[in-house]
Every structure is written in structure tokens, then in C-alpha cells.
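Asks: This is what each chain is made of:
There are 2 protein chains.
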Amino acid sequence: MSILDFLRARKKAPTASIAKERLQIIVAHERGQRDEPDYLPALQKELVEVIRKYVNIDHEQVQVALENQGSCSILELNITLPDR
Amino acid sequence: MSILDFLRARKKAPTASIAKERLQIIVAHERGQRDEPDYLPALQKELVEVIRKYVNIDHEQVQVALENQGSCSILELNITLPDR
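Protein chains in written order, with my numbering: chain A, 1 to 84; chain B, 85 to 168.
Simulated from the structure, these hints should not be mistaken for laboratory data.
No false leads were slipped in.
Covered by chain B, according to a simulated footprint, are these stretches of chain A (three or more residues, beta-carbon under 8 Å): (1) 20 to 31; (2) 39 to 49.
Cross-link-like lysine-lysine pairs, in silico, DSBU-like; alpha carbons within 35 Å at most: (3) B/129 to A/20; (4) A/45 to B/104; (5) B/104 to B/129.
Reference excerpt, derived from the structure (chain B facing chain A, CB under 7 Å, subset only): (6) 106; (7) 107; (8) 108; (9) 109; (10) 110; (11) 111; (12) 112; (13) 113; (14) 114; (15) 115; (16) 123; (17) 130; (18) 134; (19) 138.
Bear in mind that the values here come from a model prediction, so they are computed numbers and not experimental data.
Using N, Cα and C, we set each Cβ at its ideal position, and we do this for glycine too.
Please put together the full structure from these sequences, using the hints given.
Replies: Structure below.
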């Protein structure tokens, strides 16, 4: 399953046209062998910490999804940023 | 332009079936207002540093693309990991 297929499958109805600031981060890890360890769950926390240096986010505003499709793991972070 | 459209436009022919380990990271930043500062170029370096804690990568193996589409900025990192 490619990243494109993954995104297409998850695509939601368009949101209201209010101009919210949003960040979406997708990390796709294609492993050469299926039995390699997967570090995406650990990576996820560090990514949020890096982003927090630039914008003010709290954990409630971060939606996380992690999916495994054979040898491909996909981490998706959706962050809605607060109004300023 | 949605992230999905962006990916569809950039989709390349499938690569050879050699099982290389790869990481793809996509960061999409939808700004509420067009004139806000964009921190994706700075974020890029920090993301690579975070990933380097988990896997051994060198800068030559990191391909970076940054595109701006109106109020949406998309950062794409493609990393081919070395054979072990």
C-alpha cells in the first residue's frame, strides 16, 4: 500500500472554510525486512517536541494514528494550532 | 491544493523491487493567514537530527523538497537508509 493509497483511503470530507492553522505530519517507514524493529512510536513524541519549539501546541490538539501495512509503517500526526 | 493532490502530482514511477529501507516524511503547514512566517525550513534540519538518533543516515541520503501553494507549505524529506 503506497502512501498515496493510504491518504486516499483516509481522506475526509472537506472541513468548514474557517482558516485554521494546521500541521499534518506523515512519516512512512518502508522496512527492508518485516522483522526489523519499528521506531515510529518513539519518534512520534520527539517530533512533537521539535514542533513545540516553533509553535505553541498542547497534547490535546495532537491526533496520532499509526498503521502497519506489511513492511510499511505509517505514522500520521494532525495538529490544530491555537488561534492567536 | 490538498496534500493528496500534491502527492498525486509528484508520484513517480514505481522503483525497482529491491527491498531498500526508506523513510518518507511529509510536513504540511496550512497557515491561517498567508503572511505568517514559515518555519518549515528550520524544522527540516531538526527533523533530520531526531531521526538520526534512531537510524544511521548521512546528509547525502536525504532529499529535501519544499513547496509553497498559497497558504499551504509542504516539506518533503525522502531518506534512503544504508544497507546493514
